[in-house]
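Engineer: Throw the hints in and build the complete structure from the sequences for me.
2 protein chains.
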Amino acid sequence: MWHGIIMAGGSGTRFWPLSRELYPKQFLSLVGEKSLLHGTVNRLLPLFPQEQVWIMVGTKHESETKRTLSSLPKGSSGQLSPRIFVEPQSKNTLPPLALASAFIKKMDPEGVLCVMASDHLISPEEKFLALMKQACLTVEQNDVILTFGIPPKRPETGFGYIEKGSPVDTGKFGQAPCFHVTKFVEKPSRPVAEAFFKDKTHLWNSGMFVFRATVFLEEIRKYQPKLHSLVEALEVTIGTPSEEQAIRDFYTQAPNISVDYGIMEHSTCVWTMASEIDWKDVGSFNALDEISDHDEKGNVLRGNVIAIDSEDSIIFGDKRVIATIGIKNLVIVDTDDATLISTKDDLQKVREVVSELKGKKRVEALEHRTTHRPWGHYTIIDQGPHYKIKRVTVNPDARLSLQMHLHRSEHWVVTSGTARVTLDDQEVYLHVNQSIDIPKTARHRIYNPGKVPLVIIEVQNGEYLEEDDIIRFQDDYNRIKSVNPQGESC
Amino acid sequence: MWHGIIMAGGSGTRFWPLSRELYPKQFLSLVGEKSLLHGTVNRLLPLFPQEQVWIMVGTKHESETKRTLSSLPKGSSGQLSPRIFVEPQSKNTLPPLALASAFIKKMDPEGVLCVMASDHLISPEEKFLALMKQACLTVEQNDVILTFGIPPKRPETGFGYIEKGSPVDTGKFGQAPCFHVTKFVEKPSRPVAEAFFKDKTHLWNSGMFVFRATVFLEEIRKYQPKLHSLVEALEVTIGTPSEEQAIRDFYTQAPNISVDYGIMEHSTCVWTMASEIDWKDVGSFNALDEISDHDEKGNVLRGNVIAIDSEDSIIFGDKRVIATIGIKNLVIVDTDDATLISTKDDLQKVREVVSELKGKKRVEALEHRTTHRPWGHYTIIDQGPHYKIKRVTVNPDARLSLQMHLHRSEHWVVTSGTARVTLDDQEVYLHVNQSIDIPKTARHRIYNPGKVPLVIIEVQNGEYLEEDDIIRFQDDYNRIKSVNPQGESC
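Line by line, the protein sequences give chains A and B.
Numbering that gives the first Met the number 0 numbers the first residue of the first sequence as 0 and each following residue consecutively.
Numbering that gives the first Met the number 0 numbers the first residue of the second sequence as 0 and each following residue consecutively.
Heads up, a few of these hints could be off.
Given that identical chains are not distinguished, each listed pair holds provided it fits within a single copy or across any two copies.
Said to hold, decoys possible - Keeping only pairs whose Cα atoms sit at most 27 Å apart, straight-line, the calculated DSS-like set for lysine-lysine is: (1) LYS359 x LYS348; (2) LYS318 x LYS343; (3) LYS348 x LYS221; (4) LYS105 x LYS132.
Honestly, the hints are just simulated from the structure, not real lab data.
On a predicted model such as this, the values are computed, not experimentally measured, just so you know.
Structural biologist: Here's what the structure looks like:
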């Protein structure tokens, strides 16, 4: 069986302030309405049944991953059927791929893994699927790791390259020419990139690669024996009650190492397929120039923008009016709580902005003012001394945990939909413009019994209004025991 | 008696988005904490008793003018004692000065008017007052209009100039040299401005001038006879019951004409005083470079700004984080609902932005999200289909009108202070976190009986939520009968 493995990490830095630490690039809708991650899953579905799509995510991105994929057709259990594998900690790319290989080998010793990033843009889809099929058939018959190389379109210095060796004949599986790989080259200097572009001896390294689980594990045994013994220790627990703990132990002990550095650069059984597709690693806001429509002055405009004598700029407005005059070559990105204004040439320094925000412990580095939860979402619309106001949206048939707060009272007013509120031993229904007081230390819960979203305005009063003032008694989303690094409330 | 006449018009265009049509430049605090208008009044007080300070404002700026001056010591009546003269319509500068002259002549035939803008910066104050005193003494003894000319500091092309004629001796009144005026020159070209600067034959026209009411009215008789007859018709009504109607008639019929164009350019009795003061007509955000502190990279920064590799820029943040990278020579001004990003060289085109917003009937051209009222202020913090949320702040001992709404119900939660709420025949006190429902068509009123500001969160629900859904039964601020062009609510 073939499995699509989507690597969905991400620090949320390069697209700040659209992205945040808790909301990295794969959740953004840079093209169309769906998130990049959703686009990646959709691209795979004609070739891989949902059950054979694995998404590797960190704990802090689990719920947003589920949310962004919630419109996928549900499996027979009524649940999302791509397997969302939550990594207990981040250990770069090799340990999670070793682990995925072990799981897949257990299910199917001949299983094939097709590894890709969650946030690339690839077209046309049919061509991509044909190449992916060729790749899978090739690795079923050959003990190799087959990487997708992209014939360079320009002397790009922002990508790694793959040096083509002698050709190999995989013609019976498809039409793309394949080669032995003689070398992986890190991001080259300009003259080197120009030479590569002229000589046609190198391909861009797309970061996509395909292999049989057993072949990959064998390469790990050869080049990362310590990691291999951790995998072996894990393998025996798969499907047993100690599996969960074994995974945690595995991540605790695994080295922090990339698949390129740990395997690819050593292995002698790596091939590459010259893949004639339009592949884009959307690495910064500048990439929007490639993938978006422009006005007659070369601007990419979104939102409520008034651009006077402004040229060659990327302006992403939100609700606010953004007015520009006489600007050129700028990137302006506005969100509820933060605005970025950068020259196109200096965008890589956005990481300095994020790092300064983190140094100041500013929430703008971490998350948006709108926070998504399994039951819906909330937005902080105002806050001041001893009060905070949220607009809370509860999805139909969803409910928050049964909870209480030690330091704040809450007051709820319904502005849309119907709420069923539990308050200590009482249960009441609230309609539009009805309200209720939730005193400190009262047990309470909101449920939306209706068919349309329930919207309430929550006015909090108290001496301490942080999200971690919460004691949960019951929760539909298993958030009682779970480690809660972000102090998640509601 | 000497009277200070402050001309406080303004379209709110050049400092958009800090200024708005309802909140023009004189209300901004560009230097220090007080508004420019307040600074102008303060500057006069050592020489002019408050009762002799007149402020000429349009109807739409009346309440904000009172608010910005509310910290002035109150007169014996307990009211603000500068005379705030509300012009029923805008007719440029000559008609209001003709009218003020008529009123002052009626009170005091020898009365002197000292005319100035509301939004200039002048220092040092003692020097200014000495010059103003010299000017008043001079016009008491001479039938002239004495203008304040400023010896040019640079070959400025943004100001009008005054050509100095033969000197006149006013030495007994003060030390500044005075001259006949031979010509007023509109904003000159660069070479002309450079010649003026080199030859020292011209002074900047500061727009400040001093005259006796009778002398000014006589010049109006000579050069604007039609306007003079309107003034004569008005004069006989001053102090009678028909005064109010006569003022309205005067404004309806008066020509729309500036004092420069209508009088100064014709009159043969204009003198100028070479005034060695630091005078600034803060004409655009660029002026902030002159009056503000800079960081080591030449930036003027205010608010929550992270500036990476950014130079020579003016960045006015608000609450939101503003991050800039690699920018140079930009002006960035952020407010709750609108952000401007302009090159310093193109700032004059901000009027095109405002005009485009007006064309789209966008509220961002007209006012800020925080709206001031005689009793306090409110901010719209969120709105959506069928609901609107305001944070309402009521000053101590102030109350809103007794009112009702036909299309919306309201729900109030106190977050700070104590409220006394009238609801039909009931009266209740609400403390922090207490709330009340105000149904549609219920008569209601909020009063702050306490010593600290009362803050309430108001959640409005209804099919129509505009500000003009209000019926007032009683109001402390005479807003029941008054024409209400902005659809003022609360």
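Engineer: Decide, hint by hint, whether the structure agrees.
Structural biologist: Status of each hint after checking the structure:
For the homomeric pair LYS359 and LYS348, the shortest alpha-carbon distance inside one copy (17 Å) is at most 27 Å, but the shortest distance between copies (37 Å) is not. In this homomeric assembly, LYS318 and LYS343 come within 27 Å of each other (Cα to Cα) both inside a single copy, at 23 Å, and across copies, at 25 Å. Taking CA atoms no more than 27 Å apart as the test, LYS348 paired with LYS221 passes in neither setting, with 39 Å inside one copy and 67 Å between copies. Taking the closest pair of Cα atoms, LYS105 and LYS132 come within 27 Å of each other only inside a single copy of the chain (23 Å); across copies the shortest separation is 98 Å, beyond that limit.
The structure fails hint 3 only (numbered hints given earlier).
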